[in-house]
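Number of protein chains: 4
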Amino acid sequence: MSDVKKVVLAYSGGLDTSVIVKWLQETYGCEVVTFTADIGQGEEVEPARTKAQALGVKEIYIEDLREEFVRDYVYPMFRANTIYEGEYLLGTSIARPLIARRLIEIANDTGADAISHGATGKGNDQVRFELGAYALKPGVKVIAPWREWDLNSREKLMAYCEQHEIPVDFSTKKKKSPYSMDANLLHISYEGGNLEDPWAEAEEDMWRWSVSPEAAPEQPTYVELTYEQGDIVAIDGQPMKPHEVLEKLNKLGGDNGIGRLDIVENRYVGMKSRGCYETPGGTIMLRAHRAIESLTLDREEAHLKDELMPKYAEVIYNGYWWSPERRMLQAAIDETQKSVNGVVRMKLYKGSATVVGRKSEQSLFDESIATFEDDAGAYDQKDAEGFIKLNALRLRIAAGKGRKQD
Amino acid sequence: MSDVKKVVLAYSGGLDTSVIVKWLQETYGCEVVTFTADIGQGEEVEPARTKAQALGVKEIYIEDLREEFVRDYVYPMFRANTIYEGEYLLGTSIARPLIARRLIEIANDTGADAISHGATGKGNDQVRFELGAYALKPGVKVIAPWREWDLNSREKLMAYCEQHEIPVDFSTKKKKSPYSMDANLLHISYEGGNLEDPWAEAEEDMWRWSVSPEAAPEQPTYVELTYEQGDIVAIDGQPMKPHEVLEKLNKLGGDNGIGRLDIVENRYVGMKSRGCYETPGGTIMLRAHRAIESLTLDREEAHLKDELMPKYAEVIYNGYWWSPERRMLQAAIDETQKSVNGVVRMKLYKGSATVVGRKSEQSLFDESIATFEDDAGAYDQKDAEGFIKLNALRLRIAAGKGRKQD
Amino acid sequence: MSDVKKVVLAYSGGLDTSVIVKWLQETYGCEVVTFTADIGQGEEVEPARTKAQALGVKEIYIEDLREEFVRDYVYPMFRANTIYEGEYLLGTSIARPLIARRLIEIANDTGADAISHGATGKGNDQVRFELGAYALKPGVKVIAPWREWDLNSREKLMAYCEQHEIPVDFSTKKKKSPYSMDANLLHISYEGGNLEDPWAEAEEDMWRWSVSPEAAPEQPTYVELTYEQGDIVAIDGQPMKPHEVLEKLNKLGGDNGIGRLDIVENRYVGMKSRGCYETPGGTIMLRAHRAIESLTLDREEAHLKDELMPKYAEVIYNGYWWSPERRMLQAAIDETQKSVNGVVRMKLYKGSATVVGRKSEQSLFDESIATFEDDAGAYDQKDAEGFIKLNALRLRIAAGKGRKQD
Amino acid sequence: MSDVKKVVLAYSGGLDTSVIVKWLQETYGCEVVTFTADIGQGEEVEPARTKAQALGVKEIYIEDLREEFVRDYVYPMFRANTIYEGEYLLGTSIARPLIARRLIEIANDTGADAISHGATGKGNDQVRFELGAYALKPGVKVIAPWREWDLNSREKLMAYCEQHEIPVDFSTKKKKSPYSMDANLLHISYEGGNLEDPWAEAEEDMWRWSVSPEAAPEQPTYVELTYEQGDIVAIDGQPMKPHEVLEKLNKLGGDNGIGRLDIVENRYVGMKSRGCYETPGGTIMLRAHRAIESLTLDREEAHLKDELMPKYAEVIYNGYWWSPERRMLQAAIDETQKSVNGVVRMKLYKGSATVVGRKSEQSLFDESIATFEDDAGAYDQKDAEGFIKLNALRLRIAAGKGRKQD
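Protein chains in written order, with the UniProt record's numbering: chain H, 1 to 406; chain L, 1 to 406; chain B, 1 to 406; chain S, 1 to 406.
Please note that the accuracy of each hint is not assured.
Intra- or inter-copy, both count: the list cannot distinguish identical chains.
[Said to hold, decoys possible] Distance condition first, Cα-Cα at most 20 Å in a straight line; then the derived SDA-like pairs of lysine to any residue: (1) K404 with N341; (2) K311 with E335; (3) K311 with Q330; (4) K338 with R403; (5) K58 with Q25; (6) K404 with D72; (7) K58 with M240; (8) K311 with A331; (9) K382 with N152; (10) K347 with A215; (11) K359 with G139; (12) K5 with Q163; (13) K359 with R71; (14) K347 with V211; (15) K338 with E214.
Read the hints as simulated data drawn from the structure, not as lab findings.
Whole structure, please, built from the sequences with the hints as guidance.
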């Protein structure tokens, strides 16, 4: 194991990754570079510096990636109305490619030959980190301590800390939670604990980002979202950067009890797992984006997008952001968004985000044709007969030849 | 126009179709058979008998098709988690094939050579009725008065009534509504009026089947749905027939402000239209069905279902229920539902239908593998390395040969 | 019918479209502009000028569009390995959007308010011309004489000619043929005559562009095709323009009996029809393109292309070249072609075009990994175990829980 | 390694698997059961008995599975017109699920707790065997010697034989071939040797099942294939069992130089490999099946089949025959084949299999409508106008609102 000289670690500053720093140094006898990013997880990242220094780390990267995260990953994904398995907004999945890319870029900058992460061997995140790393630097060595070491219980981890004088006071907050959690600007997730029984309802005090619908205000909140080329650029007429948009919508959504989700999902590694998610802003964005598209997209491109979406969601969920198939799908999706401009008006109320209005200068809604009133000849109802007759022709021929139709 | 001898009309008992009875008799000099069905639209159908008799109709069919409607059309559609354009639950679309089939069967029984309906030339329903009719009886003559006559305003219709002594007191209720409405056990729809401006919020007094979320009870309602082969067979342990299930869920959903929808959709005839829908029971069913599938479906069949769903929805929306492509898709869908058994627990509260638990004897969720705790060797984390390495191989080779990956 | 002032006609110079010139002048009392294009149909286009003049046409457009046709339509289509219904290379379909575009551009240039064509009311070409025209100039008036007039037999046409002093000596060659034919650089097609019986073998003397395999040379011909970004840019090392490439391959293919096809296809208007086609160059191009892609495309983008291809083929066949869905698909396809560079070596022999070699500087084929010999550690066979184990996990869990697997 | 008591080995009787018998006995100290099947590979299977006995095997299974192979695997696959990556007829892939199933059934019959095979760690076959095994018997132990041992060269294998007194005279024929080959009734494959250079043309003496097109007869052979529900049941009117059909077509095809293929394909394990294949009968069957479908399938079900086919091919290629997704796709495919009955006439000549006629009592080809002659009103050409107008409506609205269409 002596062939690794320097490794870049995705470092949260928490207990687990602190142990990993030490373990890498010991096991591989290599230098460790730490990389800590603010992607909106809601915790200070700067304290990671002192902790890393205390562990003897010399090269420490601490970065605010919130804008880049939303602009280059979350926004492109939402252009596709992406949902995994009909429910999940991919909050964890979409953060991994950015981390993978920065890990590799830092490896290149610091001359590191390996990267490492704190994801377990049962989950999707290891796959996402590593597929990204291999795609961007094919010769990189990946070290996944959870798949290698035998520190597979909290007791062993604590013993390791004691033995190696790693201060255990950090991350006490997390220690108290019975759930495995992950957060970024798009969502916070919960797994484990009593959630491992899919019949058990999540406990109210688990949720952190939203009030319960019951506790939300009695009065609805209305909000107007302005779209340019499929992306939100302003809220209530106020121009904002992508991550500001999401922060604002998280606040609005969370205050109104919006975005809680409780599902059983299929992991890429082959098992089902139960997870709870809070995605307040994303839940609003998904419905609003469909609404602005309903006015501005052509029917056939909209339907084709819907047919491609499950595949696109799967690609992201499974960790193939940095792949030719993702780029190919993105090219198709982005091609459709040029005219997706306008404003959507949403009503937020006790858990629901409802579209109540939409308008656009690029609207393809034609009142003169759609009207129930006299349309002054804009549409010739007689055309419908030929339309139906020829669409029915293949069915009529088949039935005429005795082919069973029911 | 003398070649039509007898025509079967889809007759609601309302003003429009009453005018059509007379118009058909006059214009085609033919006998009219009326067909009125209770598919859960919430109005008495029996009064249609007297009205038809008053118009000189001799063969009058009045039928309760609620059970058949839900069992043979709504339920199979929900097995696919069917949604059109990401939002619409196809409440109108799914009722048409049943009406088309009965029209043709009655035509066969009564020796009629034509069928007729009251749908306009701008909408999807004419297509759905007629595609079904042609598929089931290829030589049938279809008469669509709205595409033929010049009674294209309410004034002209009223004048026609007066001239032909058609009593206009019926359907006074509908006359007052500014909306074009359609209802069956699955939903009620609203179009026209001020909805023709997609920016205008629907007025509260438009909605008929649900209270507003604001007016819904302060306490949530919990309900347990039992599935067999993808269909709900019991509510809170109480066995029910399909239409009883939907009636019950409509009541529960409506009482809790669930199932309102306000969208712009793409019609098959080529225009966008704005519609509002109330689908209380269906909204609950959709989420619940996904939840029971999340436990009982294999990942790949679930994903394949999701990829096929938009096509299946389009087939139904466009009116191709009676087609080989619908049967082909249905065969694939139904093949997956054999083990979709179990119970889903839902929370209904002020507009939201939320899954809070699911269980099944056919569950594929394996706690011993999914657990965050020690799994006693049920899953070997080291397998993940090979899994990732080979999945990454194509990406690594490409990157190694200088292929750009970002 | 007096509201048409000027109409641009797709004019071949043949009998039918000459009659149409006169019929338009008479029926609509409007000026006729003729448009005749050389798209490689193998007939002189210049004679159309005199004929048009003789019919009183003042604005006559005669253009050589061969290069544009292959570069902007045929080549993009072949990037997708496009085949309709598993067999048909879309030779007729792909020429229509170009004609439609020029008709509209000429209408704009000449101030015409209508366009016209000589396609019948039973075929796909009317749809393709008209969808293109409406998409590019939504207010245009389209006149389709074959759907309007009663000159629906050759006798009536001849009588019309005599009556209006249209010289009938032109197109005598076509008159003798029992087949309806259409040709451009990509193919020549045959319909009608004894082909209307799908069991009857096409007669040898029907085929015009290729010798029979039996009559082809006893020695194979080898040819090397150089690709850049998915398009052929050189043959046997000789740089050529797109239309020169196709002309050359038509010659090589035709000489070797390559590219004959005899199928029953499904028309967009709802009927089946039997057609025979000669596509010598296209048949070579299709196989060669797949071969260069086999070296240079990533697996997943290649598979995704294959999944999208039938839809793309349908879009073109049905006449939706000028549509958002075609642009969306094209964006995805073109995204994949950046590295599709290299050389393919083909063997042409008595009806077969066989790939015998392919090479590329962007090749993703890695001999060091693929080899059956010792690979010096490039690939760790032990990775396969984890790969298989995790891919099998969902199946094992299901089987372990008693789920039937066969 | 002492926990394996009995292992069922897929035993060819050749050198490699004979070594495996001994190696399993030695390494695992377990009893070995051999299973040798005739699936049409063209070699006697009975000699495997003596060889196995000589190696001390007590339970020896030798079976003729040709009929089952073609009836239950090859035929269902051909109903989908299955091709992998546009070229490959899946000859190797489709034989694996049958072998996997028999291995597991024999394991169950003999009380074995493990299965073993002679596939390498680089290929697809290991995946196919093992996915099948795990799906059918989730607790089975799989032993893949090529991934475990260090006998990774022919020299080491020979040394092992000498050391363990394994007679090396068998399989001398194969030893001489520079290619890795695999054969069954559907095809014979070649990999390795000079094929590892994708630019190198395969040598003529490599091919074993077909004459070269150059050496094929100067006179074409005609053959008529009778279909019932998508499967061939008779050749030239002579009823035959499935495997007899394929044997006969292999003979006819091979004699006429039909079915050679030379491709670079993407393996599931992530690398590209070059392979040559001879699939004489399959090549004829593929074209013939499309031809009978062209007459008897509805357009939309045919198109949907084409859209699903690449996925279905991938499922089989990757080894997921025994999976819910394959069953789901098969249900859809088989649903379409009920009326796929009739006769196809093929011309076989020097490498080409050409369809020259097709007929069916379930034909949906309607001469009275398709005809270029007077159709006596079967089709109203005026219907086409409405059909086009409404299909164009969305494009016209978009263009009318200034949306760019080119």
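Hints and how they fare:
Proximity of K404 to N341 under the C-alpha cut-off of 20 Å is restricted to the inter-copy arrangement: shortest distance 15 Å between copies versus 47 Å within a copy. When the C-alpha separation of K311 and E335 is checked against a cutoff of 20 Å, the pair qualifies both within a copy, at 17 Å, and between copies, at 17 Å. When the C-alpha separation of K311 and Q330 is checked against a cutoff of 20 Å, the pair qualifies both within a copy, at 11 Å, and between copies, at 18 Å. In this homomeric assembly, K338 and R403 come within 20 Å of each other (Cα to Cα) only across copies, at 10 Å, whereas the closest approach inside a single copy is 45 Å.
In this assembly of identical chains, K58 and Q25 lie within 20 Å of each other by CA distance solely inside one copy; the values are 12 Å within and 55 Å between copies. Proximity of K404 to D72 under the C-alpha cut-off of 20 Å is restricted to the inter-copy arrangement: shortest distance 17 Å between copies versus 52 Å within a copy. With identical chains, the CA atoms of K58 and M240 are never at most 20 Å apart, being 37 Å at best within one copy and 59 Å at best between copies. In the homo-oligomer, the alpha carbons of K311 and A331 lie at most 20 Å apart both inside one protomer (14 Å) and across protomers (17 Å), since each shortest distance falls under that limit.
Taking CA atoms no more than 20 Å apart as the test, K382 paired with N152 passes between copies only; the shortest distance there is 13 Å, against 73 Å inside one copy. For a Cα distance limit of 20 Å, the shortest separation of K347 from A215 qualifies both inside one copy, at 17 Å, and across copies, at 15 Å. When the C-alpha separation of K359 and G139 is checked against a cutoff of 20 Å, the pair qualifies neither within a copy, at 51 Å, nor between copies, at 25 Å. Within a single copy, K5 and Q163 get their C-alpha atoms no closer than 24 Å, and across copies no closer than 44 Å, so neither meets the 20 Å cut-off.
With identical chains, the CA atoms of K359 and R71 are never at most 20 Å apart, being 24 Å at best within one copy and 39 Å at best between copies. Proximity of K347 to V211 under the C-alpha cut-off of 20 Å is found in both arrangements, the shortest distances being 17 Å within a copy and 16 Å between copies. Taking CA atoms no more than 20 Å apart as the test, K338 paired with E214 passes in neither setting, with 40 Å inside one copy and 38 Å between copies.
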